[in-house]
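**Student:** Use the sequences and the hints to build the structure in full.
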Amino acid sequence: MFSGPGGSPHLTLWGSLLAVAGAEARNQEERLLADLMHNYNPHLRPAEHDSDVVNVSLKLTLTNLISLVREQGLATPLPLQQWCDYRLRWDPQDYEGLWVLRVPSTMVWRPDVVLENNVDGVFEVALYCNVLVSPDGCVYWLPPAIFRSSCPVSVTYFPFDWQNCSLVFQSQTYSTNEINLQLSQEDGQTIEWIFIDPEAFTENGEWAIRHRPAKMLLDVAAPAEEAGHQKVVFYVLIQRKPLFYVINIIAPCVLISSVAILIYFLPAKAGGQKCTVAINVLLAQTVFLFLVAKKVPETSQAVPLISKYLTFLLAVTILIVVNAVVVLNVSLRSPHTHSMAHGVRKVFLRLLPQLLRMHVRPPAPAAVRDTRRQLQNGSSLGWPITAGEDIALCLPRSELLFRQRQRNGLVRAALEKLEKGPEPGQSQELCGSLKQAAPAIQACVEACNLIALARHQQSHFDSGSEEWFLVGRVLDRVCFLAMLSLFVCGTAGIFLMAHYNQVPALPFPGDPRSYLPSPD
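Counting from 1, position 381 in the sequence shown corresponds to residue 381 in the UniProt record's numbering; the numbering is continuous, with no gaps.
Worth flagging that the hints you see were computed from the coordinates, not collected in a lab. Just so it is clear, CB atoms sit at the ideal spot from N, CA and C, and this is done for glycine as well. Hints should not be assumed to be uniformly reliable.
[Said to hold, decoys possible] 27 Å max Cα-Cα, derived DSSO-like pairs, lysine-lysine:
no.	residue 1	residue 2
1	K308	K294
2	K346	K269
3	K241	K295
4	K308	K241
5	K215	K231
6	K295	K308
7	K294	K241
[Claimed, not checked] Okay, the calculated beta carbon distance ranges per label pair:
no.	residue 1	residue 2	range
8	A302	M107	46 to 54 Å
9	Y128	R45	18 to 26 Å
10	H49	S300	49 to 57 Å
**Tutor:** This is the structure in structure tokens:
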């Protein structure tokens, strides 16, 4: 044998021998495949006798929890299927130690195992890959497909919820008299759980797997005269990780709602500013409620916990607006428009301020209130208030007092002169006329005193309005404590409900088994 230019004859010889050996190996697989497929019918069940039952083992392996979408579907792969076909047996010695044969899956019989609770109606696998056949006729098939199973999502405690999803696998055409669906066995132990390879598994950012049991069930809907279709059910109990919703929705809502509580620190008469702040908080809470609606599955079976909480915050904010309006109405009252009842004065100006540790001015004495009532009626001591006295009520207090003292001094000097009698040089007629005018002058003095008292009371007439303002302050403080208690209790309640909504310690109530691999 000759080599090419610059080549070695030994390398060429070894390459030819390897090529011949590879051709012989390939010829063994071709020969084995031809022998096995001779008179082989893939549409017939691999049973030597009609009464024989073909055992089909299933084993589900998860490398990651793909998703649980808003349409209430869980995306998972198909399980590994294993069965034995007596028509595919061979002796490895007859084929130069060939222990594994790869055969197109369309050329052999398959048990027609499908995902029964398929949500999207797609039952075909993405790729009909080869099956692995061993010398004893056992077939291993792992189709590369992602199916979406129906998983009814309970949103009652969203986002502190957990879901129980199931994957029901069943043969579409064979009953238990023909095939026996069972869980795979390894080292004499039944694999009653979904297998997870710790090295290959990728954690899901939204869900955490708590339980993953598997069970074999019979179809109770099958006719009584038939054995029924057997099912293999893989359960996945998953719990939502709420950190995303706590940081992005719940915490901002709590902080924004606390701003609505802070409006009680504004003065009681600042009702307009209070309503403005509360309405802005309402708008912000509405935006967050819209964001939650985009995250929660669309269902009318239950109201999510977070939606309840946001609605609760909206109701609290609306109550704060109502409180601000009521307090403003009370604070702006006056004695001209409202008379304060004795019970209101006793409760809001004496009892509640002591309980709430509030410092308020004590109410006006009863005599002052009686004088104020007489002034409101327009008379005192039987003297009607004239137009001139009305004008005097509008004068400043200092000017009114000055005029009163001036008049009192003049009248008092005249009265003293009358009491002493006429001085030398004064006529008797003048003194007589003054004596006759003495009652009128005395009445004038009383009128001046009344006008001065009226002006003095007018300067303190705001005390009645101040009492209503104090009532508004006390009412504002009561509403603040009520709304703060309601806000704190409602916020604490949502976390307490989440605390008690935990995944059960065992996957099945009343079953003490954990359906997990035993520790080594």
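**Student:** For each hint, tell me whether it holds in the structure or not.
**Tutor:** Tested hints:
1. For the suggested pair K308 and K294, the alpha carbons sit about 15 Å apart, so the restraint of at most 27 Å is met.
2. For the suggested pair K346 and K269, the alpha carbons sit about 22 Å apart, so the restraint of at most 27 Å is met.
3. For the proposed pair K241 and K295, the alpha carbon gap of about 14 Å is at most 27 Å, so the pair holds.
4. For the hint pairing K308 with K241, the CA-to-CA distance comes to about 19 Å; that is within 27 Å, so the pair holds.
5. Among the hinted pairs, K215 with K231 is consistent with the structure: their alpha-carbon atoms are about 8 Å apart, no more than 27 Å.
6. As the CA atoms of K295 and K308 are separated by approximately 15 Å, the hinted pair is consistent with the 27 Å bound.
7. Between K294 and K241 the alpha-carbon distance is near 18 Å, which keeps this suggested pair within the 27 Å criterion.
8. Our hint of 46 to 54 Å for A302 and M107 holds, since their Cβ atoms are close to 50 Å apart.
9. Take Y128 and R45: their Cβ atoms lie about 19 Å apart, and the range 18 to 26 Å holds.
10. The beta-carbon spacing between H49 and S300, approximately 55 Å, falls within the hinted interval of 49 to 57 Å.
Checked against the numbered hints given earlier, the structure satisfies every one of them.
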